[in-house]
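> Chain by chain, the residues run as shown.
2 protein chains.
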Amino acid sequence: MSDTISGAAKERLLRLMRLLEIQAAAGETSPVTSAQAEQLTGWPRDTIRKDISCLAGGQAVGSSAGYDPLLLIPLIKKALGLDRRRTFCVVGLGRLGSAYLNFAPAELEEFELAAGFDTNVNRVEILKAQAPLYPAYKMAEVISRFGIEIALLCVPAAAAQTAAEKCVGAGIRGILNFAPLALSLPQGVAVRNVFVTDELRSLAIKM
Amino acid sequence: MSDTISGAAKERLLRLMRLLEIQAAAGETSPVTSAQAEQLTGWPRDTIRKDISCLAGGQAVGSSAGYDPLLLIPLIKKALGLDRRRTFCVVGLGRLGSAYLNFAPAELEEFELAAGFDTNVNRVEILKAQAPLYPAYKMAEVISRFGIEIALLCVPAAAAQTAAEKCVGAGIRGILNFAPLALSLPQGVAVRNVFVTDELRSLAIKM
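Protein chains in written order, with numbering that gives the first Met the number 0: chain H, 0 to 206; chain Z, 0 to 206.
If you're looking for bench data, these hints aren't it; they were derived computationally from the structure.
It is possible that part of the hints are untrue.
[Claimed, not checked] Dumping the calculated DSS-like pairs for lysine-lysine here, alpha-carbon to alpha-carbon at most 30 angstroms: (1) Z:Lys205 to H:Lys165; (2) H:Lys9 to Z:Lys9; (3) H:Lys77 to Z:Lys205; (4) Z:Lys127 to Z:Lys137.
[What the hints assert, rightly or not] Derived contacts from chain Z toward chain H, CB cut-off under 8 angstroms, selection only: (5) Lys9; (6) Leu13; (7) Ile21; (8) Gly41; (9) Ala98; (10) Tyr99; (11) Phe102; (12) Gly173; (13) Leu175; (14) Val193; (15) Val195; (16) Asp197; (17) Glu198; (18) Ser201.
Where is the CB? At the ideal position from N, CA and C, for every residue including glycine.
Extracted from the complex, chain H is given alone in its bound form (with noise of 0.2 angstroms):
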């Protein structure tokens, strides 16, 4: 069903869901009008409207009070694909990626740490984590042996498009990058770019 969702839809729906996981979590679960859909989101109510009336394919998520989030919550999640657990690997164990070693499995429940990866063998048998870690020359082996689908890429950034290449040889289709530049990659595989100066830019219009 994810396939027929339009890209734009989908980032919707995500958002979407965040917003009701953390009503939800503060014990808010009553049913959501479109119209308060329209203020959490600040997308206007039609467009939630089309988007959650695409995914729900005749299953009853709303009554007159509203769509249930505890019924709506799991449908987007399902209809995005991400009612399946997947694996990463973190691929440069510096600072920023072995704080990436040891997030509390709760948080990342819908991701599974398989492997990490680092050009410095010491580090790689110093640093403690909740999955195997090994040396950078291992990667495209490691990867493809256990079918490794994301990688955390927290190489400086000029190693960064040698290794996301390597990845990416392995098996690798989706590359969360820390690195400070533009990844040029096959079409096919997704890459998702998480720089700081953007996140302070983007706080910075706010304020």
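Using the hints provided, position chain Z relative to the given structure of chain H.
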């Protein structure tokens, strides 16, 4: 001027500016038509035209050949208030926080690291940074003395709300929150969450 542009328009302009910067860095500085901008950003060309006409204030940034990126980039930067340097501090100097102490200056030219804080005095003494590091009990004093505007909140989730409140009490107006929880802060304080789970989800729906 930045107060007269809507929040949504600001976000669109920031994204357009960022994409033009990436192109310019790759040597691509020929004029951009609104049709090309539509393709680049995914937004309707009429919206883009309206956003740009809003900020130009009569100044010519385009000809029939399109917008000149070398004129448009600084114009957007100014309109968004990104043409002045802002100071930030890093609160919590564990792996993640200490990673943000040492970003290359060029990478952060619009933002200047002014201080770092940690409850662990040893850590404050041992870590190397381009700015002074202080024990956490000096946070309020240092933030207000130097007029620091932004905090990168890198403390554990359990400590985040208290640390954020301390920041705001000392004069911080924007928080980039890396702690995996929703902060509850007074209106007027800008918060942007950077959660690895959210980034992984956004990546996964593109795969």
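> Compare the structure with each hint and give your call.
Hint-by-hint comparison with the structure:
For the hint linking Lys205 (chain Z) to Lys165 (chain H), the alpha-carbon distance of about 20 angstroms falls within 30 angstroms, and the restraint holds. Our distance criterion of 30 angstroms between C-alpha atoms is met by Lys9 (chain H) and Lys9 (chain Z), whose separation comes to about 22 angstroms. Pair hint Lys77 (chain H) plus Lys205 (chain Z) holds up; C-alpha atoms about 14 angstroms apart against a cutoff of 30 angstroms. Straight-line distance between C-alpha atoms of Lys127 (chain Z) and Lys137 (chain Z) comes to about 18 angstroms, which keeps the hinted pair within the 30 angstroms bound.
Look at Lys9 (chain Z): its Cβ gets to within about 5 angstroms of chain H, closer than 8 angstroms, so that hint holds up. The interface hint given for Leu13 (chain Z) is met, as the beta carbon of that residue sits about 6 angstroms from the closest beta carbon of chain H, less than 8 angstroms. At a threshold of 8 angstroms, the smallest CB-CB gap from Ile21 (chain Z) to chain H is about 5 angstroms, leaving the interface hint in force. Using the Cβ-Cβ criterion of 8 angstroms, the hint placing Gly41 (chain Z) at the interface with chain H is satisfied: the shortest such distance is roughly 7 angstroms.
Against a cut-off of 8 angstroms between C-beta atoms, the interface hint on Ala98 (chain Z) holds, since the closest Cβ of chain H lies about 4 angstroms away. Interface restraint check for Tyr99 (chain Z): the shortest CB-CB distance to chain H comes to about 6 angstroms, inside 8 angstroms, so the restraint holds. At its closest, the beta carbon of Phe102 (chain Z) sits 7 angstroms from a beta carbon of chain H; the interface hint therefore holds under the 8 angstroms criterion. A distance limit of 8 angstroms between C-beta atoms decides the matter here; for Gly173 (chain Z) the minimum to chain H is near 5 angstroms, and the interface restraint holds.
Hint status for Leu175 (chain Z) relative to chain H: holds, with the closest Cβ pair at about 5 angstroms, below 8 angstroms. A hinted interface residue such as Val193 (chain Z) counts as satisfied when its beta carbon comes closer than 8 angstroms to some beta carbon of chain H; here the least separation is about 6 angstroms, so the hint holds. Against a cut-off of 8 angstroms between C-beta atoms, the interface hint on Val195 (chain Z) holds, since the closest Cβ of chain H lies about 6 angstroms away. Restraint check, Asp197 (chain Z) versus chain H: the minimum CB separation of about 7 angstroms is within 8 angstroms; hint holds.
Given hint, Glu198 (chain Z) at the interface with chain H, holds; its Cβ is 6 angstroms from that chain's nearest Cβ, closer than 8 angstroms. Satisfaction of the interface hint for Ser201 (chain Z) is found here, the shortest Cβ-Cβ separation to chain H being roughly 6 angstroms, below the 8 angstroms cut-off.
Figure legend: structure checked against the earlier numbered hints; every hint is met.
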